[in-house]
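Participant: Residue numbers (my numbering), protein chains in the order written: chain A, 343 to 469; chain B, 343 to 469.
Everything labelled a hint here was simulated from the structure, so no lab data went into it.
One or more of the hints may lead you astray.
[As the list claims (entries may be wrong)] Heads up, simulated DSSO-like pairs for lysine-lysine below, C-alpha to C-alpha not over 27 Å straight-line: (1) A:K425 <-> B:K367; (2) B:K428 <-> A:K382; (3) A:K425 <-> B:K382; (4) B:K428 <-> A:K425; (5) B:K367 <-> B:K382; (6) B:K367 <-> A:K367; (7) A:K428 <-> B:K367; (8) A:K382 <-> B:K367; (9) B:K382 <-> A:K428; (10) A:K382 <-> B:K382; (11) A:K367 <-> B:K382; (12) A:K428 <-> B:K425.
Below, each chain spelled out in residue letters.
Number of protein chains: 2
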Amino acid sequence: MSKQELPIIDASGPGTACCAPLACKPLSETEAAELAPLFKAIADPVRLRLLSLIACHEGGETCVCDLTAAFDLTPPTISHHLKVLKQAGLIDSERRGTWVYYWINPEVLTRMSALISPASPAPTGTA
Amino acid sequence: MSKQELPIIDASGPGTACCAPLACKPLSETEAAELAPLFKAIADPVRLRLLSLIACHEGGETCVCDLTAAFDLTPPTISHHLKVLKQAGLIDSERRGTWVYYWINPEVLTRMSALISPASPAPTGTA
DNA sequence: TCTCTAATTTGACATACATCTAGGCAGGCG
DNA sequence: CGCCTGCCTAGATGTATGTCAAATTAGAGA
Numbered sequence: 343m344s345k346q347e348l349p350i351i352d353a354s355g356p357g358t359a360c361c362a363p364l365a366c367k368p369l370s371e372t373e374a375a376e377l378a379p380l381f382k383a384i385a386d387p388v389r390l391r392l393l394s395l396i397a398c399h400e401g402g403e404t405c406v407c408d409l410t411a412a413f414d415l416t417p418p419t420i421s422h423h424l425k426v427l428k429q430a431g432l433i434d435s436e437r438r439g440t441w442v443y444y445w446i447n448p449e450v451l452t453r454m455s456a457l458i459s460p461a462s463p464a465p466t467g468t469a
Numbered sequence: 343m344s345k346q347e348l349p350i351i352d353a354s355g356p357g358t359a360c361c362a363p364l365a366c367k368p369l370s371e372t373e374a375a376e377l378a379p380l381f382k383a384i385a386d387p388v389r390l391r392l393l394s395l396i397a398c399h400e401g402g403e404t405c406v407c408d409l410t411a412a413f414d415l416t417p418p419t420i421s422h423h424l425k426v427l428k429q430a431g432l433i434d435s436e437r438r439g440t441w442v443y444y445w446i447n448p449e450v451l452t453r454m455s456a457l458i459s460p461a462s463p464a465p466t467g468t469a
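Just need the whole structure built from these sequences, with the hints factored in.
Facilitator: Take a look at the structure:
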C-alpha cells in the first residue's frame, strides 16, 4: 500500500507564477510520464461519471452501493474503476461499518486543470 | 476527413454560469462518452509532450520534423500520435511546401480544463 | 457461531492501443 | 524526367485495458 504520491505538476500552488505549464515550456520526459497516468485515469466514460457522481454528491462522499446502482456494470467492474481512480490519487475512501465511502481529492484535479489550461485562461480583456 | 467536432462540454463559453460541470451535476452517459476520448487523447506521455512542444513553439506552429527529432520514436509513430491529437480536435495542421505544420486548438483545451476544474476555478471575486 | 449483505480480489477473455517495418504519395531540384 | 527528402498509410505484433463470473474478506445481526 502507501500509494500516496502526487508531487508532480511542477509544484506551484493555485496562484502560480507563470501560465499553464504545458504551454509555458515543453514537458520533460519525466513530467510527461508522471502526468499521463493522471489523465489516463479520467480517460474512461465510466470513471468520468464516477468522478462526477462522487464530486456532486452532497456531503462530499458517496457510498459504493449508490455508485454501482448508477451503472449497468457489475460490482467488480465498478470496484476496479474506483481502484484506478484511487491509485491515481483522484479519490480516497474509508470503510465505515458495512459500507465503503469515497470522496474526491480536489487538489489533483485542480493541478490537472491548471496544466492544460491555455496561457490566458480567463480572456477577460486579455486583448 | 471532416472529423471536426467538438460541441461537447455542455456548451457554455469561457465565463459560464455555474461552476465546473463535473462537480456541478453528474455527467450523463452521453456526455461522458464524448468527453472521455478527449482526455484519452492526452493520456499518453508522448502525446502530452507533443502537445506541449507545439503549444510552446514560438510562432504558434511546429514542423513535424522538429517534433520527430525530440523523441526516440520512428516518424510513423509520431505521425500516429499527431493523428490522434488531431482527430480529438486538439491540434490542426497544414501542408506548406515540403513540410507539414501543426498548431494547437486552445478552445478544446480550455473546455477540458474547465470541466475538471473544481467548483471555483478563478477565485477572482466570483462570489 | 452461523448467516446474510457489502465490497474487493482473482483469473480469464476479448478488445484496444503503442510501436515497428515496409511501402506509398507529394513536393522540390538537378 | 528522375531522384531525393518529408510525411503518411498499411499491416503486423506484443502489451495494456475493460469486463465478467467465481471466490474471498469484512462487518452486522440472530
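Participant: For a quick check of understanding: which of the numbered hints are violated here, in increasing order?
Facilitator: The structure breaks hints 4, 6 and 12; every other hint is satisfied.
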